[in-house]
Amino acid sequence: MMVTAAPPTGWIFDIRRYSLHDGPGIRTTVFLKGCPLDCWWCHNPESQSPQPEIIVREHLCTQCGECVRACPQEAVSMTPQGPHTDPALCTRCGECVPFCAPGAREQVGQPYTPQALADILARDIPFFDQSGGGVTFSGGEPLLQAEFLSAALAACKRLELRTAVDTSGFAPWQRLESIAPQVDLFLYDLKVQDEGAHRRFTGVSNQLILENLRRLNDRGSRIIVRLPVIPGLNDTPAEAAALGSLCRQLDGIQRVDLLPYHHTAAAKYQRLGREYRLPDTPTPSPDHLNALAQQLRAYGIAVQIGG
Amino acid sequence: MSMSERVRQLRQQSLEAVPTLSAERAQLMTQFYADTQRQTLSAPVRRAQAFAYLMEHKHICILPGELIVGEKGPAPKASPTYPELCCHSLEDLHILDSREKIPFKVAPDVLAAYEQEIIPFWAGNSMRDRILAEMRPEWLDAYEAGIFTEFMEQRAPGHTVLDDKIYHKGMLDFQREIQTALEQLDYIHDPRAYDRQEELKAMSICAAALIRFAERHAELAEAQAASEADPARRTELLRIAAVCRQVPAQAPRNFWEALQYYWFVHLGVTTELNTWDAFCPGRLDQHLLPFYRQGLAEASLSRDEAEELLQCFWVKFNNQPAPPKVGVTAAESGTYTDFAQINLGGLTPEGGDGYNEVSELLLDVIETMRLLQPSSSIQVSKKNPDRFIKRAARIIRTGFGQPSVFNADLIVQELMRAGKSVLDARCGGSSGCVEVGAFGKEAYILHGYFNLVKILEITLHDGVDPRSGKRIGLPTGDPRGFQRFEDLLDAFEKQLLHFVDIKVRGSNVIERLYARLLPAPFLSLLINDCIATGRDYHEGGARYNTSYLQGVGIGTITDSLSALRRHVFELGTFSMEEMLTLLATNFAGREPARQILLNRTPRYGNDDPAADQIMVEVFDRFFHAVEGRPNTRGGEYHINMLPTTCHVYFGSVTGATPDGRSAGQPVSEGISPVQGADRSGPTAVLRSAARMDHVRTGGTLLNQKFTPALLQDDTGLDALVNLVRTYFRLDGHHIQFNVVDARTLREAKAHPELHRDLIVRVAGYSDYFCDLSEALQDEIIARTEHEAF
Numbered sequence: 001m002m003v004t005a006a007p008p009t010g011w012i013f014d015i016r017r018y019s020l021h022d023g024p025g026i027r028t029t030v031f032l033k034g035c036p037l038d039c040w041w042c043h044n045p046e047s048q049s050p051q052p053e054i055i056v057r058e059h060l061c062t063q064c065g066e067c068v069r070a071c072p073q074e075a076v077s078m079t080p081q082g083p084h085t086d087p088a089l090c091t092r093c094g095e096c097v098p099f100c101a102p103g104a105r106e107q108v109g110q111p112y113t114p115q116a117l118a119d120i121l122a123r124d125i126p127f128f129d130q131s132g133g134g135v136t137f138s139g140g141e142p143l144l145q146a147e148f149l150s151a152a153l154a155a156c157k158r159l160e161l162r163t164a165v166d167t168s169g170f171a172p173w174q175r176l177e178s179i180a181p182q183v184d185l186f187l188y189d190l191k192v193q194d195e196g197a198h199r200r201f202t203g204v205s206n207q208l209i210l211e212n213l214r215r216l217n218d219r220g221s222r223i224i225v226r227l228p229v230i231p232g233l234n235d236t237p238a239e240a241a242a243l244g245s246l247c248r249q250l251d252g253i254q255r256v257d258l259l260p261y262h263h264t265a266a267a268k269y270q271r272l273g274r275e276y277r278l279p280d281t282p283t284p285s286p287d288h289l290n291a292l293a294q295q296l297r298a299y300g301i302a303v304q305i306g307g
Numbered sequence: 001m002s003m004s005e006r007v008r009q010l011r012q013q014s015l016e017a018v019p020t021l022s023a024e025r026a027q028l029m030t031q032f033y034a035d036t037q038r039q040t041l042s043a044p045v046r047r048a049q050a051f052a053y054l055m056e057h058k059h060i061c062i063l064p065g066e067l068i069v070g071e072k073g074p075a076p077k078a079s080p081t082y083p084e085l086c087c088h089s090l091e092d093l094h095i096l097d098s099r100e101k102i103p104f105k106v107a108p109d110v111l112a113a114y115e116q117e118i119i120p121f122w123a124g125n126s127m128r129d130r131i132l133a134e135m136r137p138e139w140l141d142a143y144e145a146g147i148f149t150e151f152m153e154q155r156a157p158g159h160t161v162l163d164d165k166i167y168h169k170g171m172l173d174f175q176r177e178i179q180t181a182l183e184q185l186d187y188i189h190d191p192r193a194y195d196r197q198e199e200l201k202a203m204s205i206c207a208a209a210l211i212r213f214a215e216r217h218a219e220l221a222e223a224q225a226a227s228e229a230d231p232a233r234r235t236e237l238l239r240i241a242a243v244c245r246q247v248p249a250q251a252p253r254n255f256w257e258a259l260q261y262y263w264f265v266h267l268g269v270t271t272e273l274n275t276w277d278a279f280c281p282g283r284l285d286q287h288l289l290p291f292y293r294q295g296l297a298e299a300s301l302s303r304d305e306a307e308e309l310l311q312c313f314w315v316k317f318n319n320q321p322a323p324p325k326v327g328v329t330a331a332e333s334g335t336y337t338d339f340a341q342i343n344l345g346g347l348t349p350e351g352g353d354g355y356n357e358v359s360e361l362l363l364d365v366i367e368t369m370r371l372l373q374p375s376s377s378i379q380v381s382k383k384n385p386d387r388f389i390k391r392a393a394r395i396i397r398t399g400f401g402q403p404s405v406f407n408a409d410l411i412v413q414e415l416m417r418a419g420k421s422v423l424d425a426r427c428g429g430s431s432g433c434v435e436v437g438a439f440g441k442e443a444y445i446l447h448g449y450f451n452l453v454k455i456l457e458i459t460l461h462d463g464v465d466p467r468s469g470k471r472i473g474l475p476t477g478d479p480r481g482f483q484r485f486e487d488l489l490d491a492f493e494k495q496l497l498h499f500v501d502i503k504v505r506g507s508n509v510i511e512r513l514y515a516r517l518l519p520a521p522f523l524s525l526l527i528n529d530c531i532a533t534g535r536d537y538h539e540g541g542a543r544y545n546t547s548y549l550q551g552v553g554i555g556t557i558t559d560s561l562s563a564l565r566r567h568v569f570e571l572g573t574f575s576m577e578e579m580l581t582l583l584a585t586n587f588a589g590r591e592p593a594r595q596i597l598l599n600r601t602p603r604y605g606n607d608d609p610a611a612d613q614i615m616v617e618v619f620d621r622f623f624h625a626v627e628g629r630p631n632t633r634g635g636e637y638h639i640n641m642l643p644t645t646c647h648v649y650f651g652s653v654t655g656a657t658p659d660g661r662s663a664g665q666p667v668s669e670g671i672s673p674v675q676g677a678d679r680s681g682p683t684a685v686l687r688s689a690a691r692m693d694h695v696r697t698g699g700t701l702l703n704q705k706f707t708p709a710l711l712q713d714d715t716g717l718d719a720l721v722n723l724v725r726t727y728f729r730l731d732g733h734h735i736q737f738n739v740v741d742a743r744t745l746r747e748a749k750a751h752p753e754l755h756r757d758l759i760v761r762v763a764g765y766s767d768y769f770c771d772l773s774e775a776l777q778d779e780i781i782a783r784t785e786h787e788a789f
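Those protein sequences? They're chains A and B, same order as listed. Count the first sequence with the UniProt record's numbering and you get residues 1 to 307, in order. Count the second sequence with the UniProt record's numbering and you get residues 1 to 789, in order.
To be clear, the hints were calculated from the coordinates, so they are not data collected in a lab. Don't take every hint at face value.
[As the list claims (entries may be wrong)] The calculated SDA-like cross-link candidates involving lysine to any residue, where the alpha carbons are at most 20 Å apart (straight line), are:
no.	chain 1	residue 1	chain 2	residue 2
1	B	K390	A	G25
2	B	K383	A	D129
3	B	K382	A	G132
4	B	K382	A	I125
5	A	K157	A	G132
6	B	K390	A	G132
7	B	K382	A	A180
8	B	K494	B	E138
9	A	K157	A	D194
[Stated by the list, open to error] One-sided and incomplete, this derived list gives chain A residues near chain B with beta-carbon spacing under 7 Å:
no.	residue
10	G103
11	D124
12	P126
[Claimed, not checked] To be clear about the criterion: a stretch of chain B counts as covered by chain A if any three or more of its residues have a C-beta under 8 Å from a C-beta of chain A, and this derived list gives those stretches:
no.	region
13	98–112
14	711–718
15	726–733
Even for Gly, the Cβ is constructed at its ideal location relative to N, Cα and C.
Next up, chain A with everything else stripped away, as it sits in the complex (with noise of 0.2 Å):
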């Protein structure tokens, strides 16, 4: 008799259908909870607890207070602005959200099994196989849920479908090794090259990173490197020069892909109760993309603005 093992849980945060921005075609984006980096740029900064978390969107609420009555911890009470969260009582246990009747409570963060996850994946299949695209596993940092990701990429290829992982690069390089020959392509996030400010900006060194890419390379991966361009921060000429010289050195990357630095986040951070360290970051201007994309460009990389 054969004992199977229950299947892995993963934790989602979203999942986006008609995604155009994370790799080829019309794709379905799968954003798994959790991340170890903790860079200051990041806009969702609900990704990156492990845990699942309690949002509210002040402007559905009716204030019609059953949130209130719900909490068992009486974390919740209401305030002539609405109904407030104690965030020392809150357990984040969820029982208020299916309370909520306008919908502005939401328990960011929900379990599924890899075939429920698959069953969603697979009903855009029209639409991928139309336009090449498939599925791109994003974050948070899809390598924190190794064993559910390697799942749920085991299950796409049963489908046939095409897979894409959006990492930050900084895991146990086994990890990364495993989920290899189910990925059809890397979105391979390298923030800062100069190591100082690598762990400024994001908590974390980028030695591990930079070596799993080496690796990611020499193991035959299709890769495609991801830049955000935060003005002020990586955009110097010093660091351009570091990351031409090393994608020229590695043949598995595609293509460098600029992604602007967006304001957008702010407001997330503030719902969040949460402090914003780029308050004053402008987007880069065209020009200026122009020009980092030009002098990438010099080390014979294609370059793209945007995702």
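For chain A, the structure is supplied; the task is to place chain B on it using the hints.
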């Protein structure tokens, strides 16, 4: 892509012309019909003589700089009226003159003519009066309750599109064909021989009348040339005169003559009667291709000249607002658009790729002109290249709502399912909003919109309309007694059949009234096989004869049934009693309950089989209620799924619905999801919509609102091409894209004076946003905006 100074001025004139109501046609018709000598004529001959009288006496004009000539009224946007169909009352005229949206200015002399001549002669004697007098009480009750509308109570059946025949034959050729048919009449064995004789004579009179109409333009052009100081313009005027002496009498010999010929035909059809959806050249790129290639080969035409002629042609369409309406139709269809929809691409009659260099030229013209009329569509076959869709997408993304996008291969399938030959099907296409027909060979008549949501409301009230308290439906039982969801569906089906019966009974009478009283001999001579059979277009003379009923509100009724199933029959969130109270009180004081219905119900448009299966159930019931019933013209009834703007009117007469929709709000339009209900992106909407079996319809309408950001780069354009291709692989019929952001729309609503040029896709057509009613403006703003991530 350029616009000459001439075109710039003509376009500007057209944009700035104030729509007015002209009494000229009504006065001419009154004079004609007041002549008692004509009362002994047969109906077709009398109508033909009336047509000839109009062609001989109506005021004609040639405006400075024009190359294509002829107006329906005495001047651009001077709209004629059709008192023999429906006679405007003085009150109607005041409303048209003073209303904020879609006004028609009524001058004092027009008002006087109506008061003294037109109303005294026609009031009580129009077709509209006849129709309403013939309708039975149950029809009038359902009509007044807003269960259905009636297309023909103030506009004539028409809704047809021309094929390629006028590009090979002049009116003199048609007259020869008519003569042959007359000579072959068998008065000994055919009891209808005399009827055919009168119809054929009438057609011949009409052919001569159109030739005379063109001659009058030739004479005017020559007179203008004689006094023209500018030699260049003098040459042009003489050329115009030569064109008008060639066509429509003879077949056209070149590009210019082909366009002018069509335009005279267009004016003829829309002057004879106020046919629904004006008239349309159909597959214009294919019709013009031989003339274009020949002109280029002979160096008698350049691409620029062809483009300028087409631009002048476009202005002509824009000069003709839809006929001013009366009564409830004015409320249900608030637009100047008259729905001429030019088809591009698709298949050739032999089944080849129909995209050609004239298609490309026409796309340039559409983009440059940016006019409300004519409407345009691309017919996308699997055989057409992707660049065709991509070129169209570049126009679509400018936010002007044109062209709309159709599945040419599916249209062939739809037409063949309904009995057309493969060759006739390939020559067909879409017209009006999304309706399919075999161009030049089919009379496909729209009979009315059907308010599926209102029928559910009646079902939930055991046959009584809660708005009036009147019993207009069947007693199908108190819903509080229904044990299962299926009991509710069964009751709905009985009510649906009841109202379709009422509708069809009325429509079959109306078809006969038109056949008897208002034949259309001019339109008939253009449509196969009216000449060969000697029968009128209204009498079954066309090769194919279809009657369409249009289902409206599939999204709202699906979500409502889904809410009833989920919350009443499955979870018991509410009892039926509570649900009925919520609806009766319009959710007053029960906002949380409404939010549960809105947010905790599987809803159509999210690729959720729990909801989509209900949509399929409703669709199937509507299909079976209508499909295959015989009409009076030897054809059958079929369905299509489109609303024009009727979803706003239908919403206004329908109370709160179980999906959380408040009383009076618009119901969903076409087969689009309820406004704001689709939250899973465009691929999910397309998957849901494709669960409907489009093959069994005569057209469905799907509207998608995109923000400009989604289409700003090549990635976005390619994705749009792939969305379209995939939807069509799933047998979707039609999709159109509104590309505009909500902020722009809100800004335009607040400051209409700054956004007069903002054209948006409404439902099967585009319109100036600022001309839309506030309800429709709000609805368009509310439609989900899809963003890419």
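Checking one constraint from the list: CA of K390(B) to CA of G132(A), max 20 Å. Satisfied?
holds, 17 Å
For the pair supplied as a hint, K382(B) and G132(A), is the alpha-carbon distance within the 20 Å limit?
Between K382(B) and G132(A) the Cα gap is close to 17 Å, so the pair holds against 20 Å.
Holds or violated: K157(A) to D194(A), with C-alpha atoms at most 20 Å apart:
Roughly 37 Å separates the two Cα atoms, so the pair is violated.
Do the alpha carbons of K390(B) and G25(A) lie within 20 Å of each other, as the hint requires?
Distance ~15 Å between K390(B) and G25(A) Cα, so the pair holds.
Taking the closest Cβ pair, is G103(A) under 7 Å from chain B?
Result: holds, 5 Å to nearest chain B Cβ.
Outcome, coverage hint (the region 711–718 of chain B, chain A; C-beta under 8 Å; three residues):
holds (count 4)
Tell me if the straight-line CA distance from K494(B) to E138(B) falls inside 20 Å.
holds, 16 Å
Given the hinted pair K383(B) and D129(A), is their Cα-Cα distance within 20 Å?
Holds: K383(B) and D129(A) sit about 18 Å apart, inside 20 Å.
Does K382(B) pair with A180(A) here, judged by a C-alpha cut-off of 20 Å?
violated, 37 Å
Given as covered by chain A, does the region 726–733 of chain B meet the bar of three residues or more with CB within less than 8 Å?
The restraint on the region 726–733 of chain B holds, since 3 of its residues have a Cβ under 8 Å from chain A and three suffice.
Does D124(A) meet its interface restraint, that is, does its C-beta lie within less than 7 Å of any C-beta in chain B?
holds, 5 Å
What's the verdict on K157(A) and G132(A), does the C-alpha distance respect the 20 Å limit or exceed it?
holds, 15 Å
The structure fails to meet hints 7, 9 and 13 from the earlier list, while all remaining hints are met.
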